[in-house]
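The listed protein sequences correspond, in order, to chains P and S. Counted from 1, the first sequence has number 83 at position 91 by the working numbering; the numbering is strictly sequential. Counted from 1, the second sequence has number -2 at position 6 by the working numbering; the numbering is strictly sequential.
Incorrect hints may have been included.
Computed Cβ-Cβ distance ranges for the label pairs, DEER-style [said to hold, decoys possible]:
#1 P:87 with S:42: 46 to 56 Å
#2 P:223 with S:190: 51 to 61 Å
#3 P:184 with S:325: 17 to 27 Å
#4 P:222 with S:252: 28 to 38 Å
#5 P:257 with S:136: 51 to 61 Å
#6 S:92 with P:324: 25 to 35 Å
#7 S:-5 with P:87: 48 to 58 Å
Chain P residues, not near chain S, derived (Cβ > 12 Å throughout) [what the hints assert, rightly or not]:
#8 34
#9 157
#10 190
#11 201
#12 221
#13 240
Hint data in this document are derived by calculation from the structure and do not stem from the laboratory. Keep in mind it's a predicted model, so treat the numbers as computed, not measured. Even glycine gets a Cβ: it sits at the ideal position worked out from N, Cα and C.
2 protein chains.
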Amino acid sequence: MRAVDKVLEARWVIPVEPHGAVLGNHAVALAGDTIVEILPITSAREKYTDAHRVELSEHALLPGLVNAHTHNPMTLMRGMADDLPLMTWLQQHIWPAEARVMGPEYVRDGVELAIAEMLRGGTTCCNENYFFPDVQAATYLRHGFRAVVGLPFIEFPSAWANSRDEYFDKNLAVHDEFKGEKLVSTSLAPHAPYTVADESFARIRMLSDQLDIPVHLHLHETAQEVEDSRKLHGMRPFARMQALGLIDERLIAVHMTQLTEAEIAACAKAGVSVVHCPESNLKLASGFCPAERLRGAGVNLAIGTDGCASNNDLDMFGETRTAALLAKGVSADASAFDAAFALQAATLNGARALGLGDRIGSIVPGKQADLVAVRMDALETQPVYNPVSQLAYATGRHQVSDVWIAGVRKVENGALCAIDTEALRAKAQAWRARIAAN
Amino acid sequence: MRAVDKVLEARWVIPVEPHGAVLGNHAVALAGDTIVEILPITSAREKYTDAHRVELSEHALLPGLVNAHTHNPMTLMRGMADDLPLMTWLQQHIWPAEARVMGPEYVRDGVELAIAEMLRGGTTCCNENYFFPDVQAATYLRHGFRAVVGLPFIEFPSAWANSRDEYFDKNLAVHDEFKGEKLVSTSLAPHAPYTVADESFARIRMLSDQLDIPVHLHLHETAQEVEDSRKLHGMRPFARMQALGLIDERLIAVHMTQLTEAEIAACAKAGVSVVHCPESNLKLASGFCPAERLRGAGVNLAIGTDGCASNNDLDMFGETRTAALLAKGVSADASAFDAAFALQAATLNGARALGLGDRIGSIVPGKQADLVAVRMDALETQPVYNPVSQLAYATGRHQVSDVWIAGVRKVENGALCAIDTEALRAKAQAWRARIAAN
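Using the sequences and the hints, build the whole thing.
This is the structure:
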């Protein structure tokens, strides 16, 4: 173990583990990329006299947020087409625009814009799902951002691959290329039951076992998807995934707006993680995920923003607040999805979904130092009765002041440490012209 | 008409009237407190050579947002008690806390904190509903903030009044005291059907006619309220209000989560305004207002944050986004409650609900210069395909840079012009100690 080189002193440390804990005037001691100790500030000053001290006297310090489902290159399509039914949106707007620009440069620049937005909003890890995973992985590594990069599979030719075999070959090459990286890992990302055949799912299931990596899948996003599957396959998509052996602890099932009690129980028993994307589900009128019932059944429930083309942001504070509010409305229970659980869903549960529960998601000795400081002295969060409540219900992402990933400072006093925002804005505007052109 | 003394030059002017309009590189010319003309920047520079120019080169300029339902003194109780069923929340937390602190000082300081938060978030007018309307009115006037102050009525003694007659006497005195003020006017604010008797409603109805002021009423907030009324009065609260003559164009009906088609049609026919408070309804699990059906029926639909004890903020950008997203989910139609309508609901419809539709709510010559500039160059709103979409779905209130009320600058480049935020924060923290004490 390296010596403690950094001590972050906060008005409140909110470690997420133990659940609901709020430690007033505590410090987090770091050695390199690792959390070593959480202790009172007064003790830290006596014990770690040589370490660099960071004073966060009006701040809550919490684990970095984990965005458990996103399509980050689409950040360049933010607000391109709104207020449209799903199929009109996809077929007349998103797909034609993607056809115009899809390629490594678009993916790289979109991911870069997303990294800047995520960092400024306190997100330190994302679960990515798009084409050109090689470019994504390289971009995340270049920026020192933690990501699980999905290896995309769909039964259609794309700019990424032309045939089933080419998808698998290229995806495996990406997996091999980035194996052993500390910040970036991979998952298998079959698009959805309605766009992937049984044979492909069988290969994905086998690879998931062999490589020991998660499967990241859109599942039961809409009632239409379920109905179509009943007609085509004689069963609901969930049952088909069960028959194919995919319902297990490696599955990251995204959306899940349509669920029977038996399906919820099966998720809990098998250890499936569900990623709730409340704002995407609302905006596309996809349905309501039974988030509180999933939580009650003991299912690991995480939160994702989905892509910016449908959301239209990567704001995990906002998404978590929406999740907490919506769960109360949908379950008709004001005590549902409480503030402490909301914070856990946005951090530790996301980490667990991604298979990173032992490395990130809470402020615990031995875990990676992915940390976020949030200013609580803004008038918008005054007065403070309970910092956990303020974080869940009143804090805006613009109150994030400082961010560390694996011990490296990424945001300092509200400013990105290593990203040129002017250049990024210019790039985004150039892509707008290309994407909108027709 | 005074001469044009100020010209605000914006990248985009979004006047709300005509509906959906986006005027690129336009200017708004002001004379004192009044909007005189909207014209291209190039023309404005030729025509108004002597006026003070304000360059808003990366900004959208829109009408100030109208928060159509709030209890602003409760801003001091933000996050005091969360995740609780309505009656536990009220009876065990809110009412005892109010009993400890209710009085002119608490109301004054709470309103002041709320004004600061509202201004920073682009809200320029609110529809207030609380005790001590005299103190509220004086505080809004002192800060030059536009407000309709509710004259509260409830069949219980309070720190404000001890008997029915005292409520009416004191309320009328407040109405008389502030009659003729330009920024502050009054409404009659009977609390709710379940806390106000028929005789009192009859007096309120009569006064509303005599004084020509709105009636601001919580109505059909929960299914329980409707059910209780059926048991007690043999009819739904809406029917009781109809029988009492209150369903008319002066009624501001707040919440309205329970509505039959006939009730919606009756609202449209009578010209009732409905204030939708989506986040409060979600957080307290009160039910879902059929916002899209109300809109479809032609009912004037406005948006309110409700009080900070239940929301927990006064963020009209956030509330409007939630309203738009939730309406799509509830109506199962992604094209429902589109971005342009969302912006109209948050501005012009709020103004109309308050009886101020001819004075504020849109950027139109002759209207008051209540204006908000929003920076669109933040990475979080890049790139910009459509500024109206960005405002509805991606903009955070922290992007508000400049605010004018009646032509007077209230926020300049993100900073409050005439409020000492340090002093305000200290006051809020002092109240926290008193409110939480027990």
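To see whether the hints hold, each was checked on the structure:
no.	hint	verdict
1	P:87 with S:42: 46 to 56 Å	holds (53 Å)
2	P:223 with S:190: 51 to 61 Å	holds (57 Å)
3	P:184 with S:325: 17 to 27 Å	holds (22 Å)
4	P:222 with S:252: 28 to 38 Å	holds (34 Å)
5	P:257 with S:136: 51 to 61 Å	holds (59 Å)
6	S:92 with P:324: 25 to 35 Å	holds (31 Å)
7	S:-5 with P:87: 48 to 58 Å	holds (54 Å)
8	34	holds (22 Å)
9	157	holds (36 Å)
10	190	holds (30 Å)
11	201	holds (37 Å)
12	221	holds (19 Å)
13	240	holds (30 Å)
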